[in-house]
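A.B. asks: Listed below are the residues making up each chain.
2 protein chains.
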Amino acid sequence: MSTARIGLDVLGGDRAPDAILDGAWMAVTATDGEAIPADRIVLYGDAQHIESSLTARGGNPGFTVVHAPEAIGMDEKPAQALRAKRHSSIVVGTHSVKTGDTGAFVSMGNTGAVVGAATLMLGTLAGVRRPGIAVTLNITGSPLTLLDMGANTVPKPEDLVAYGIMGSLLQRDCLGVPKPRVGLLNIGEEDSKGTEVLQTAHKLLHEAKLDFIGNVEGGDIFQGKSDVVVTDGFTGNVALKLMEGLSGFMLQLMMGELKDHAAGWGPEALKNVKRHIDYSEYGGALLLGVDGVVIIGHGRSDGHAVHNALKLAARALDSEVNASIVRGLESRTAPAAE
Amino acid sequence: MSTARIGLDVLGGDRAPDAILDGAWMAVTATDGEAIPADRIVLYGDAQHIESSLTARGGNPGFTVVHAPEAIGMDEKPAQALRAKRHSSIVVGTHSVKTGDTGAFVSMGNTGAVVGAATLMLGTLAGVRRPGIAVTLNITGSPLTLLDMGANTVPKPEDLVAYGIMGSLLQRDCLGVPKPRVGLLNIGEEDSKGTEVLQTAHKLLHEAKLDFIGNVEGGDIFQGKSDVVVTDGFTGNVALKLMEGLSGFMLQLMMGELKDHAAGWGPEALKNVKRHIDYSEYGGALLLGVDGVVIIGHGRSDGHAVHNALKLAARALDSEVNASIVRGLESRTAPAAE
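Going down the list, the protein sequences come from chains G and A.
Mapping to the numbering used here: the first sequence position 234 is 234, numbers consecutive.
Mapping to the numbering used here: the second sequence position 181 is 181, numbers consecutive.
Watch out, some of these pointers could steer you wrong.
Identical copies look the same in the list; a pair holds intra-copy or inter-copy alike.
Said to hold, decoys possible - Mimicking SDA-like on lysine to any residue, the simulated pairs with C-alpha atoms at most 25 Å apart in a straight line are:
| # | residue 1 | residue 2 |
| --- | --- | --- |
| 1 | Lys259 | Leu270 |
| 2 | Lys77 | His206 |
| 3 | Lys203 | Gln80 |
| 4 | Lys209 | Asp291 |
| 5 | Lys225 | Gly123 |
| 6 | Lys225 | Asp46 |
| 7 | Lys193 | Gly214 |
| 8 | Lys225 | Asp14 |
| 9 | Lys209 | Gly176 |
| 10 | Lys193 | Gln80 |
| 11 | Lys156 | Thr124 |
| 12 | Lys259 | Gly224 |
| 13 | Lys259 | His276 |
| 14 | Lys203 | Asp75 |
| 15 | Lys225 | His261 |
| 16 | Lys225 | Arg332 |
| 17 | Lys156 | Asp211 |
| 18 | Lys193 | Arg300 |
| 19 | Lys274 | Asp101 |
| 20 | Lys203 | Val154 |
| 21 | Lys193 | Gly299 |
| 22 | Lys98 | Ala47 |
| 23 | Lys98 | Ser324 |
| 24 | Lys98 | Gly245 |
Keep in mind the hints are simulated off the structure, nothing from the lab.
Next comes chain G alone, as it looks inside the complex:
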């Protein structure tokens, strides 16, 4: 069990810095048995501003504060921003993982910049060619992990197999699913469906030691057929944004329908529906395959989402999921077959 510290980007996300500090506070004061000691959390941002915010909240409960005053905007071009802003919270926070000062970095900031910094500065785990972004949703009441959601738009078949193994180990070690079932996102159930890359990946996934259930289609995501859905980063990214857009759109339509009838309970009903499709419930996306724990939350994250992201970071460190991944990739084995 690792007790490495967790870095938190105070400057990343649409609601930074307040929502970020809210989340850190919630993590420290949580009563769910997963509270994180304040001295395990390192805050990256404008040190003076952080300290004065903490004072306004009643004093620093023990967070380490590291001065990294440059913010990389949500719309900045990642490569350029990383070169130009050496003192940004993203660069400094990722560097701390590199040196071992921390074990994890959590950011609600510019996804491309966080992925770029992690890939360049941390490198990949043994056996990983390209990292993948894993997003976990709570659609049917148990966690469903989809990957890759945009890091690797043109994967090789081997990458997709690695995503299947990494996703399974994430499920077992961090999400409590002992024998995850893995599906390959495709346009039909038959082995022969989809591109050549998918056909080869299908064959390799069958040969790997994991619970591969075969191809799953877009609609199967909502049927609880598998615990892990493997896809290329292009399709995954389109799918994720589509789900977000469609669910928001439908909630808005429902809101309109409920407005006149259900002022009392309508908003609560919609919140119940939303919970199933909100990926901040599991703390955001994990960049699997880099040598360190890197979590990228949604830009719109509130304190609750930041708290969940910190919990996910702690679980990933405590369970040493990266060590499992290295072993799993070497033996091509995921939990279901162990």
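Given the structure of chain G, go ahead and fit chain A onto it with the hints provided.
C.D. replies: Positioned in the frame of chain G, the structure of chain A alone reads:
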């Protein structure tokens, strides 16, 4: 203006033959100014069964009935089924378009079989390398056409340009949008995003004479940013099934929330929401680029959806959209630039 006849597959779809005949009846008796004369509709299926069903409904109002008794099941392998069942409604109905006996074929049956029959038997229009499946949704209150939804999983950049032009002409000629805006589905707004195929397609779409608004992301589909969304058949198919799955899932969740509170108006409210994401509102998918009008409805289509599909077929014939497509592809011009 063509007044070619419209073939209808009485054996295709989960609710065949009843829902199919319902739809034909609605088309004939419609009072929306778009009624279709019965003698313009040709029914393909078991002639004896069709005639007795028509008798039970008060007599044949003037439909032509063609005996094509073999049904291709929804789950049959298309290529195999087409070879084995030469007297299937799909083969015979498509053959009638080939001979000019009809101008259009409408089926709620096995999508792969309809696409396969049309591609093999009708061939493609001049300038089309690969047909594309165009689906039109009514998300934000005006028609949004997405293509390709699964006919061409590995398109060339040229194919995507053809989809932009064909989609625009469909919008203008059949859906009443005079100057459609075309977007390319991608994982970011910048020109440099996505695969090489998409980058080249982006450049070619800019050069073509149409209203190309650039890349659109998965979530933009619900923002009304464009009237046509161009994508490869793999991503399109995943996206379509995902939308269907997610919207059904959310409606089910909402139903659960409303149940105890809103027995009176809940179902009506959900119906209003559903209308925005139900592609049978525009009569199903049009296989654009084949030499003929071919419409593939959803397997679950009811009479209303079949009626809409027949209306779409009539509009496509009456407006001679295929002749516009040939001219448009030759000059690389879509309506917005005319």
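A.B. asks: Hint by hint, say whether it matches the structure.
C.D. replies: Do the hints match the structure? See the list:
Both within a single protomer and between protomers do Lys259 and Leu270 lie at most 25 Å apart by alpha-carbon distance, with minima of 11 Å and 13 Å respectively. For the identical chains of this complex, Lys77 and His206 are inter-copy neighbours only, at 23 Å across copies versus 39 Å inside a copy, given an alpha-carbon limit of 25 Å. In this assembly of identical chains, the alpha carbons of Lys203 and Gln80 lie at most 25 Å apart only when taken from different copies (23 Å versus 40 Å within one copy). In this assembly of identical chains, the alpha carbons of Lys209 and Asp291 lie at most 25 Å apart only when taken from the same copy (23 Å versus 48 Å across copies).
Taking the shortest Cα distances, Lys225 and Gly123 never come within 25 Å of each other, neither inside one copy (33 Å) nor across copies (39 Å). In the homo-oligomer, the alpha carbons of Lys225 and Asp46 never lie at most 25 Å apart, since the shortest distance is 46 Å inside one protomer and 38 Å across protomers. In this assembly of identical chains, the alpha carbons of Lys193 and Gly214 lie at most 25 Å apart only when taken from the same copy (11 Å versus 30 Å across copies). Proximity of Lys225 and Asp14 under a CA criterion of 25 Å is satisfied inter-copy only: 23 Å between copies versus 34 Å inside one chain copy.
Taking the shortest alpha-carbon separations for Lys209 and Gly176, only the intra-copy value of 19 Å comes in at or below 25 Å, while the best inter-copy value is 54 Å. For the identical chains of this complex, Lys193 and Gln80 are inter-copy neighbours only, at 16 Å across copies versus 39 Å inside a copy, given an alpha-carbon limit of 25 Å. Taking the shortest alpha-carbon separations for Lys156 and Thr124, only the intra-copy value of 16 Å comes in at or below 25 Å, while the best inter-copy value is 33 Å. Only between protomers do Lys259 and Gly224 lie at most 25 Å apart by alpha-carbon distance; the minimum there is 23 Å, versus 32 Å within a single protomer.
With identical chains, the CA atoms of Lys259 and His276 are at most 25 Å apart both within one copy (22 Å) and between copies (18 Å). Within a single copy, Lys203 and Asp75 get their C-alpha atoms only as close as 39 Å, which misses the 25 Å cut-off; across copies the closest is 23 Å, which meets it. In this homomeric assembly, Lys225 and His261 never come within 25 Å of each other (Cα to Cα): the closest approach is 36 Å inside a single copy and 31 Å across copies. For a Cα distance limit of 25 Å, the shortest separation of Lys225 from Arg332 inside one copy, 22 Å, qualifies, whereas the shortest one across copies, 44 Å, does not.
Taking the closest pair of Cα atoms, Lys156 and Asp211 come within 25 Å of each other only inside a single copy of the chain (21 Å); across copies the shortest separation is 35 Å, beyond that limit. For the identical chains of this complex, Lys193 and Arg300 are inter-copy neighbours only, at 23 Å across copies versus 37 Å inside a copy, given an alpha-carbon limit of 25 Å. Within a single copy, Lys274 and Asp101 get their C-alpha atoms no closer than 37 Å, and across copies no closer than 52 Å, so neither meets the 25 Å cut-off. Both within a single protomer and between protomers do Lys203 and Val154 lie at most 25 Å apart by alpha-carbon distance, with minima of 18 Å and 20 Å respectively.
Taking the shortest Cα distances, Lys193 and Gly299 sit within 25 Å of each other only across copies (20 Å), while inside one copy they are farther apart (35 Å). When the C-alpha separation of Lys98 and Ala47 is checked against a cutoff of 25 Å, the pair qualifies only within one copy, where the shortest distance is 21 Å, while the shortest distance between copies is 75 Å. For a Cα distance limit of 25 Å, the shortest separation of Lys98 from Ser324 inside one copy, 19 Å, qualifies, whereas the shortest one across copies, 60 Å, does not. For the homomeric pair Lys98 and Gly245, neither the shortest alpha-carbon distance inside one copy (36 Å) nor that between copies (41 Å) is at most 25 Å.
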